[in-house]
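Chain by chain, the residues:
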Amino acid sequence: MNNTLIDFVIVSITLLSIGIYGLAVKRNAIRMLFAIEIIINAANLNLISFARFLPHSGGQTLALFSIAIAAAEVAVGLSLIIVAYRMYQNVDIAEFRSLKG
Amino acid sequence: MADITFVMISVFTVGCAIASLELRSLIYGSISLMGSLLGIAFFFLLLDSPFVAMFQVAVYVGSIAVLILFTVMLVKRELIFNKIEDPKRKYAGLVLMLVLITGMGSVIIDSGLKSVDTNTTPIDFGEIGEDFLTYYWPALIIMALILSSSITGALVLARREDIENEQHSD
Numbered sequence: 675m676n677n678t679l680i681d682f683v684i685v686s687i688t689l690l691s692i693g694i695y696g697l698a699v700k701r702n703a704i705r706m707l708f709a710i711e712i713i714i715n716a717a718n719l720n721l722i723s724f725a726r727f728l729p730h731s732g733g734q735t736l737a738l739f740s741i742a743i744a745a746a747e748v749a750v751g752l753s754l755i756i757v758a759y760r761m762y763q764n765v766d767i768a769e770f771r772s773l774k775g
Numbered sequence: 157m158a159d160i161t162f163v164m165i166s167v168f169t170v171g172c173a174i175a176s177l178e179l180r181s182l183i184y185g186s187i188s189l190m191g192s193l194l195g196i197a198f199f200f201l202l203l204d205s206p207f208v209a210m211f212q213v214a215v216y217v218g219s220i221a222v223l224i225l226f227t228v229m230l231v232k233r234e235l236i237f238n239k240i241e242d243p244k245r246k247y248a249g250l251v252l253m254l255v256l257i258t259g260m261g262s263v264i265i266d267s268g269l270k271s272v273d274t275n276t277t278p279i280d281f282g283e284i285g286e287d288f289l290t291y292y293w294p295a296l297i298i299m300a301l302i303l304s305s306s307i308t309g310a311l312v313l314a315r316r317e318d319i320e321n322e323q324h325s326d
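Residue numbers (this note's numbering), protein chains in the order written: chain A, 675 to 775; chain B, 157 to 326.
Everything labelled a hint here was simulated from the structure, so no lab data went into it.
No residue lacks a Cβ here, since even glycine has one placed at the ideal position from N, Cα and C.
One should not assume that every hint holds.
What the hints assert, rightly or not - Some chain B residues well away from chain A (every beta-carbon gap over 12 Å; in silico):
no.	residue
1	Glu320
2	Asn321
3	Glu322
4	Gln323
5	His324
6	Ser325
Unchecked claim - Think about it this way: if two alpha-carbon atoms lie no more than 20 Å apart in a straight line, the pair counts; the simulated SDA-like pairs of lysine to any residue are:
no.	chain 1	residue 1	chain 2	residue 2
7	B	Lys239	A	Glu769
8	B	Lys244	B	Val255
9	B	Lys239	A	Asp766
Chain B extracted, bound-state conformation (with noise of 0.2 Å):
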């Protein structure tokens, strides 16, 4: 049985989800999408994964919102505080959630999942690194080299040329 704990992250985690994407504003629905990153987070510290919880909030919480908050601000007014959705579209979404929930939980329930024991003890962080460093260590380099060439390419796609032109013509 959950414990209260689990319950009130749950019902934070689900309840900020559900803000982000149906608030009004799109600066109070990023902020809310940091609540819910946040609280995965504390989900991974319930699992004993604190290594990976701090992760989530340094690279999610800590950055990609930050990143998300700046490209809000660039869009005009208007364009922020507008909702732009179907309403027959919306019904067919609800209705599609709801089934996948039920569909899903059902087989998810009625699977073997229940008896999984407990009462493992939890991985140490070390091993994580040690496993970074020895079998993953081509994946680690690619995964550098993926970031790099996102940051560069997501420069390149944002820069501004017209902007570039006028500054070297004065």
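Just chain A, with the same shape it has in the complex (with noise of 0.2 Å):
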């Protein structure tokens, strides 16, 4: 293989960087659930190739964890989405007031 280990990490802080520029910059709640998932597989990537390279079986297994608990947190994300969007009529989370003091 002639990729080294140093590529693939490189490529993850990559993601993991527009993932938070995401998270800082949109206030659509959609567009910030895309940016937690591009941040949640750039975290993967990371566990793969260390897995990879050390070797160790590990990664792998907390890789498929990983994968799983975030199929469930987007499913919880999306309902939450859903029912903040039918009590304001709205996605952007700035009129998602009801908590604001």
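Quick one: dock chain against chain with the hints and give me the complex.
Have a look at this one:
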């Protein structure tokens, strides 16, 4: 294999930064969920690349757990967005004000 | 040195990730998020982890992306095609992104990761199955419970009581 561990880690860092940019800039709740997905995938890529180069099977097992938990998180997150949309008729998080004092 | 396949996959993945956040339409955004997740699955194949790659395609590209698409379709038309963001925040976010990439990248490049040996044999996926059924079995059961409770929670949250009451009164 020509690729080194550092190449994969750099791609993972780039994805993480894009995800943090999305979380910081976007106010659309669905876009923020996209950003969270990108960050989770960056973490999974890191896990798998370290598991390949060390090598250890623990990384792949942990990545499988992480993918399954991310699926649960998306299901709950999307249903929360739907409930908030039904209450405020909007997906802008600046409009979700009921918890504001 | 990275080969051409790696470069192509990384350009595709990072490009799709940027497009998913920056495209005006949420539908095209979710489709490009699907592309980004697929790119990650190709990375897993490059890293000799075909089992995790297939899991990624089945769970992310197959189910999560479809779930997101359906949620986007439930939202009003003008909310799908309107970008909601502050221009000032955008420049601050771009600066934050560049600082993170250069900061973390320089730390990683200066670290000892370059000297990691690349000529090791890949892990067989039978080993992962063995791990799941021996050392990690309590975690597997807890994960199943979390998944089922989260699906139940999502259903309870998204339920519409007004429609149910109308149906009962009919």
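To test your reading of the hints: which numbers does this structure violate?
Failing hints: none at all.
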